[in-house]
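Place chain B on chain A using the hints.
From first to last, the protein sequence lines stand for chains A and B. Every letter in the first sequence is one number past the one before it in our numbering, and letter 309, counting from 1, is 309. Every letter in the second sequence is one number past the one before it in our numbering, and letter 328, counting from 1, is 328.
Hints are computed from structural coordinates only; laboratory data are not their basis. Treat the hints with care, since some could be wrong.
Here are the simulated distance ranges between beta carbons [stated by the list, open to error]: (1) Q152(B) / A156(A): 57 to 63 Å; (2) R222(A) / D94(B): 47 to 53 Å; (3) A156(A) / P12(B): 25 to 31 Å; (4) T143(A) / D160(B): 39 to 45 Å; (5) T143(A) / Q152(B): 26 to 32 Å; (6) G332(A) / D146(B): 53 to 59 Å; (7) V46(B) / V308(A): 48 to 54 Å; (8) E318(B) / R245(A): 29 to 35 Å.
These numbers come from a predicted model, not from an experiment. Ideal Cβ positions, reconstructed from N, Cα and C, are used throughout, including at glycine.
2 protein chains.
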Amino acid sequence: MWRELRPIGRHPESGGYRRFAWTGADAECRDWFEAQASARGLTYEVDRNGNQWAWLGDPVEGDAVVTGSHLDSVPDGGAFDGPLGVVSSFAALDELRARGARLDKPVGVVNFGDEEGARFGLACVGSRLSAGRLTVEEAWRLTDGDGVTLPQAMEAAGYDPEGIGADPERLARIGAFVELHVEQGRALGLSGDAVGIASAIWPHGRWRFDFRGEANHAGTTRLVDRRDPMLSYAETVLAARREARLAGAVATFGKISVEPNGVNAVPSLVRGWLDSRAEDQETLDVVVAAIEEAARDHARAGGVELDVVRESFTPVVEFEHALRDEIARILGREADLKVPVLGTGAGHDAGILSGRVPTAMLFVRNPTGVSHSPAEHAAEDDCLAGVTALADVLEGLARR
Amino acid sequence: MWRELRPIGRHPESGGYRRFAWTGADAECRDWFEAQASARGLTYEVDRNGNQWAWLGDPVEGDAVVTGSHLDSVPDGGAFDGPLGVVSSFAALDELRARGARLDKPVGVVNFGDEEGARFGLACVGSRLSAGRLTVEEAWRLTDGDGVTLPQAMEAAGYDPEGIGADPERLARIGAFVELHVEQGRALGLSGDAVGIASAIWPHGRWRFDFRGEANHAGTTRLVDRRDPMLSYAETVLAARREARLAGAVATFGKISVEPNGVNAVPSLVRGWLDSRAEDQETLDVVVAAIEEAARDHARAGGVELDVVRESFTPVVEFEHALRDEIARILGREADLKVPVLGTGAGHDAGILSGRVPTAMLFVRNPTGVSHSPAEHAAEDDCLAGVTALADVLEGLARR
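For reference, chain A alone in the conformation it holds in the complex (with noise of 0.2 Å):
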């Protein structure tokens, strides 16, 4: 499956992929997903948001079992982020078949469409819009770098943008919900694991930096005439990482964009993203609050003008405890529940349906942590344990 899937999307230059929604990648991607859930003898449908849907028994009976991921990726993403939850989820069905487990609920595996956001800026579009998280008018807004809006991408892929939207009764199919996901951060390299259970997602949001001076001459003028956003920009990012450090929380400036973004001239628009997260609400609050105040004092004494718009915010995520404990004990874990049950700074998919459905994660080892990037990896051997942990769970939740 691996073998397929590697090189779709792949940057010759960079090695990473750029698997963004509703592209040629994504398209070649989505047809692989067919093409397994075809191999495999699966029910295949494409749901009202894009979402792709494989079965194993009837999925109307309800109470159904479900895993997956997403396979869009962020640009210049690593090969694992998403896909090794798809990619497990087959190899997770085979290996059920391979045991003759007896599954007396429905099993399905979910390719959710859009979770990193990359093309439109809000992440996890396609869960989102089923869970009635995203407004239909909302999603109809979501524009790319292009001018290009969602619903003309979705046309262009060919598929029809009229009857996007919440959609309860597919949900309602759903008893269980368990994403796979590589881990993020170092704790199960630090832990010593292969395979983590998550406990919770720590809240984040995204904000807009709106530096905005006067665009002049790099050469003419003088430096006290100047009203220069780029110096209010990175007083700020210094800004940030003082006050998630202080916190024990992360900020990042990450995306930026410069108006006019000339060698010679002073730029009259900076604009930067700040991605913010911590363990709980309070101490995110308090340092956005903290980066926004440094960010004002900067920008006033640099005679620039300053606008902060929250783009997104989700809230703490708390996996709910009954089928984290479930799972736990189906993986034999019962004894230390405290570890390898970890915290993510990451959003998914899975804390999209939380709170619609019982959702939970497992987490695969990945030595350095590094994500989002091409060097992004985890080994064969943690790989091939998450993909029995998963076959394990989920002919676990299967039984009645």
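Below, chain B alone, put in the same frame as chain A:
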């Protein structure tokens, strides 16, 4: 003349101009130039490097007096930087005809191609090629942000790139070149003069700073595990301002490129361009060395690799003193040569030609000093004073 030129390449939202070399907006500007030449019965020609010339009299006679400037713009540039010099050149010819002025020498108007370097990253490509200050090999390697090379762009615009290169025969026709330009600082605004004479162009250069760290997930990577190049970049931006202020120079980071430039990804690469200029070479060397040292210190501390590449450099240009004094005499300013003779931090085609041809520059007052911005402005009275001064200079220089 202004009325026809004004709408070309103007961006409807920013109000700024986007007239980049060999684009549609550039072609419209070039058509305008040809129409102006034709309307005045001037001899029109395009040289091997795509520079446009309009001649009153036969330039082959030699010892010609040439004026002109450029029509292209920086991204979202103002209406005056470049076009004021070309429009004033035609207006000065009109004034000379109305006066019935005696012109013993041929008089030419030139529009140099690609002065701003907004598309291919190198300023003054047209004059550099003609003056032999850019080799044909280097020019063929110039590439825009979309991967289009300069020869491809010229060809697409209907020009034959095969013939580009040094053009000593054409330059040998010129006895004196005088470029009129809107001032890009506030020296005339502060001195109270409508028109000034340039003394020198500050040495200046562009340096590319490549900060390479490690792409990583912005939510799950602990701060201590990060190698975030955005932090080193931010420290360097602030160091540049500090060092320039200490030295009385200017230093600007106005252009940036980030990979992967995702909201939830620690960047793998932050590429920032430094533009720096100072009154003399020694000061500039000290400033840039200090900025580079600060960048290296911060990069090292953050586990970030740094490459610094000097992308272009122009030494100090002292305009020819004899021509400068002659112009001051014509304008009746012998008594007080120091004001308004002024240095400038901006590069110009006149600076490129200097050393090949006796060259001088006239500046028209810019009350705010704002340039490379839609807010760039010169008062109508000052522009008319510029035309009259230029007519006086052309008449004086064209006498035998």
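Consistency of the hints with the structure:
1. Q152(B) / A156(A): 57 to 63 Å: violated, 28 Å
2. R222(A) / D94(B): 47 to 53 Å: violated, 36 Å
3. A156(A) / P12(B): 25 to 31 Å: With Cβ atoms ~26 Å apart, the hint holds.
4. T143(A) / D160(B): 39 to 45 Å: holds, 41 Å
5. T143(A) / Q152(B): 26 to 32 Å: At 31 Å between Cβs, range holds.
6. G332(A) / D146(B): 53 to 59 Å: holds, 57 Å
7. V46(B) / V308(A): 48 to 54 Å: holds, 51 Å
8. E318(B) / R245(A): 29 to 35 Å: violated, 51 Å
Hint check: violations occur at hints 1, 2 and 8; the rest are consistent with the structure.
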